[in-house]
Each structure stands twice: as structure tokens, then as C-alpha cells.
Amino acid sequence: MVAIEAHNLTCEHAPGRGVCSVSLAVNAGECYAVLGRNGSGKSTLTRLLLGLEPVGGGSLVVLGLPVARGSRSHLGRLGVCLDTSAHWEALSGWQNACFVARAYGRSGRALEGRLARLFERAGLAPYRDEPVATYSFGMRRKLALVEALCHEPDLVVLDEPTAGVDEHFLVALAELLRERGARGQTTWLASNDVEWAACVASRVAFLEAGRLEVEGTPEALVREVSPLCEVHVTLAGGVRVPPPPLEGVRAFSQEGTSLRALVGEARQLPRLLEHVGAAGAEVARVEVTRATLRDAFLLKTGRELRP
Amino acid sequence: MTPSNVLQLELAAAFSSRRALALRVGVALLLGLPFVFAPMPLRARVGGLCVLTVFVAFFGAAVGLVRRRAEGQWTRLALLPIPRGVVWSDLLLAGSVVDLVQMAPALGLYALVHSRATMGGAVLGAAAALCASLVALNALGMLLAVAVQTNAEVHLAAALGAGALVFLSGLVPTAGPLAGVVAAASPFSPVAWLERALRALAADPSSVGHYPVLAGSMPLLILAAWVAARTVRGPRESEE
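These protein sequences, in sequence, are chains A and B.
Residue numbering for the first sequence is 1 to 307, as defined by the working numbering.
Residue numbering for the second sequence is 308 to 547, as defined by the working numbering.
Because the hints were derived from the structure by calculation, they are not lab data.
Keep in mind that the hints are not guaranteed to be accurate.
[To be verified] Just a few of them, taken from the derived set where beta-carbon distance is under 10 Å, the chain B residues facing chain A:
#1 320
#2 327
#3 375
#4 378
#5 383
[Stated by the list, open to error] Beta-carbon label-pair distances, calculated as ranges:
#6 A:133 with B:453: 48 to 58 Å
#7 B:487 with A:65: 53 to 63 Å
#8 B:390 with A:66: 34 to 44 Å
All C-beta atoms in this analysis are idealised placements derived from N, C-alpha and C, irrespective of residue type, glycine included.
This is chain A alone, in the form it adopts within the complex (with noise of 0.2 Å):
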């Protein structure tokens, strides 16, 4: 089942700035990324998810209705988290989540043991009774992602959620995502933080100047810019060793203490470092680098997408 569906879906703001006749199809239980820089188009596309900015062109469904500018039929089986993040300041936390739950017709214990580990999760629970107005921005942030998946809806809207948060956080809205797959729920995320959407996306698409890229998987994506892993290993002395024969080793070097190899997977690791070994070299240190999905976004764009 689609969950999302936009076939040249346009809304420009001014000349260059919006969304280009984009077209995608994101499947139930999928997570959905679409990164691109600042000013690419993200929030746009997400807004017109959401029915907040007029459709100029082409045609958008979202949970099979259709969606346009004030649509909001699909509201009640959404979850949104936007960029920022609005709540009744004077209110706590947990009022605040509840009342947004109780929007969605949520309510009972099943409501407060489903909140009490969202707070948990997120380390908001020995907060939870104090007002908003004490919280740090990152502790919004989190209250706000809270509030977005409480009522466990079919499709979660993220713009931005890795923004303002803690490591800890993202490893457990990770988790929370990826359980939701699992059952079936989509998430649509719009961000800029490569490496998290890397971990998390079950597709990706990279947007530029408004235009949808290219899109695919993130092992795919990072496949294309090379498929091989760079491995630099750090000798403790002057050891002389030969050129491996194994497999999978595409190419080899040894400059003083420093080896270098290609080889075509992580998994010819241990072999490559038997055989140093072998050669009766002590391993001081060793890297590992492969080619990530900022230089997929580099290759398919030709512009750097920074941190």
C-alpha cells in the first residue's frame, strides 16, 4: 500500500525557490527521508504533506486522500512534528502531551503507560510536571517528538528532529522508528543530518533547488559512489609486508609503518589483518573508511551537503 503518492508536484514561492514538479511514491511501513541543504525545498514538500502551502501543479495523496492547501481529512491519522516546536508554555510537559493525544481521540491508562515511556525514553519523565516554559530547547524538541508519536499514527511528519537533541535521544527515536516500520507505520522524514537518516531511512531522495535528485536506498546510494572500503593500518614497527593474496583485496600499499588497502567489503577485515600479522608485523592502529551518503549527495548533486 502507498502511503504517500506525488506525481510533478510543484509549489514555488518565487523563481528557483520551492518544490519543482516532484514525483514519489512512499510505501506503508517505509521510513522516508528526503535531505537536501538549507533553502532546498524539505519543509516546503513537508508542508504541502500537511496541507499548509497551495499546490501549483500536479497531484498529491496522502493516505489515499487527496491532499491540497487547508486539506484535512488525513489530519487525524498523522503525527507532525514541524521545525519548531509551539507549546502552552505555562503548561507541563505531560498536559501538554496529553491534551495533544486527547486531540486524536487517545485517552485511558493505555494513553498514560504509552506517554510514560515516551517521556521515559526520551528523558523527559522526572520533568514531566514542570512547566514548558523551564524546559531547554532541546527538551521542547524531544516533548515535541513525544507529542508527534503518541497516538501511534499511520504516518509520523519529521521536519528537522535530529535539531536541538542529544545522541542519546536520536539512538532512541532510532529505535521508536524503526519499531514502527515494523508494524507497519511510515515515517516521513525531512532533514539535513546525513548520517542519522543514513541509520534510520529505509529510502532516501536528495533534493536540490526544489528538484527530487535521485532516490534510493542509503547502501544503494553509497554503493554507487564506490563500493569499496579504504583500510588504513598503522604498523607499531618497520615490518616489511607483502601484497595479500585475498580476494576481495582490489588494491595495496606500504609506506614505512603505514599500509593502506581497498579492498571490496568490511568483512575481508580480518582476513587482511591475519595475513599483516602473519608477516610478523605488530598492528599499532587501524581505520576503516567507506563512502558515506554526504558523498553520494556530492556525486548525484555536485554540491557538498555540510554538517
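Take the given structure of chain A and dock chain B to it, following the hints.
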């Protein structure tokens, strides 16, 4: 309290901090006290309290809503599966209730010190006029907030709007062709409703009969019932 609807949310937020509530009520009371106790003509006394009400309800609603739009609260509410009409009516009711709490001490003191009314109808009429005025002024403030874009714009427009409301209600004596405009507009001005009710309360209780107490009290009762129902309302659905 865990709010179940926008009205409960707004009221809980407004009354959650004793300090904020004391400031709200205290400032209105402080500004209203001279018009209660200082020697001045009744017209000036009532006019001052009406202008204060305009600034609390109309100006406050407009400026507050624009600030909240800038903070992203409008978008937050727009993305929830709550009908827009319900959201806006809850915001209107909440704003009116908060303004009522804010203005009640100053106007209550005025009634205690200056009322010569012996009929319950006069007091009920004044209360109805106050509620109707607050709801109408809040609604006008919200309309203004929708129409303007920025914080600077709303301050300018709300100040102009407040001046226009005060002028068209007949609080300021006018002559010539403008007097005709004021005479035509004042029956529709919520400020004029309040002004007449407050003057009637103090000057001539028999004049209460000149404005429709019953017509005023019916919306008051409906409003009170609606607010009460929304305030005690529980979640829309029970256990999942």
C-alpha cells in the same frame, strides 16, 4: 488537570500561574481604581472603565493572537484534527472568560460603590452587557489578528481600532455630521452596550428597562452553559 479541549487548555494555561493571574487582575484593578474612587462626572468614570475594557479585551486579544501565531501555536492547532470552528470558538470563549476574571474586580468595585440599582434586573443586565461586550471585543480582536501579519502591524492597527471603537460608541462627545455617524453606529458597538449598562447601574435604575435585559441575559445564560459544558467536558473517547 489534563486538558481535553482547547478551552480547557487555554483556561488551564491562563490560570496555572498565580503570579501571572495576580498581575493580570492587579494591573486592571490598578488602572480602574481612579475611575471608581476619584471624583469625576459619571460619564468620565464610565468612559474610563469602558476604555480599559476595550484595551483588555480587544487590544489584548489582537496582540496576544499575533504573538502566538509568531510562536507557531496557530500552526500547531491547525495540524490537530479539531474542527477549525471549534478551535476558534474555544479561543474566543477562553479569551472572554479570562478577560471577565481580569475586569471583574474593577467593575465589581464600581458596582459596589456607585450602583443605585435595587432591581436584580439591573445587575443582571449589566453582567449580560459586560459578557456580551467582552465576547464581541474579543471576536473583533481575533478578526484583526487574522487580518494583520506582524507584531508591529497589530500594535498599530489595534490602537487605531480601539480608538475607532471608543469614538463610534459615543463615549466622546461629538457634534456636526460626525454626531450622526456616531448615533447610527453606537447601537452596534459593544462598548456602547457596556457604557449604557454601567451608567444605568449608577444613575437611573429605571433606565434599565430601556435596554433589553432579557435579550441580554439570554445570550449570557447560553454562553455560561456553553463555557461550563466545555470546561467540564472529558475526553472524546474513552479507553482505547
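We went through each hint and held it up to the structure:
1. 320: holds (5 Å)
2. 327: This interface hint holds because 7 Å falls under the 10 Å limit.
3. 375: holds (8 Å)
4. 378: Cβ of residue 378 (chain B) sits 5 Å from chain A, so the hint holds.
5. 383: holds (4 Å)
6. A:133 with B:453: 48 to 58 Å: violated (26 Å)
7. B:487 with A:65: 53 to 63 Å: holds (55 Å)
8. B:390 with A:66: 34 to 44 Å: violated (20 Å)
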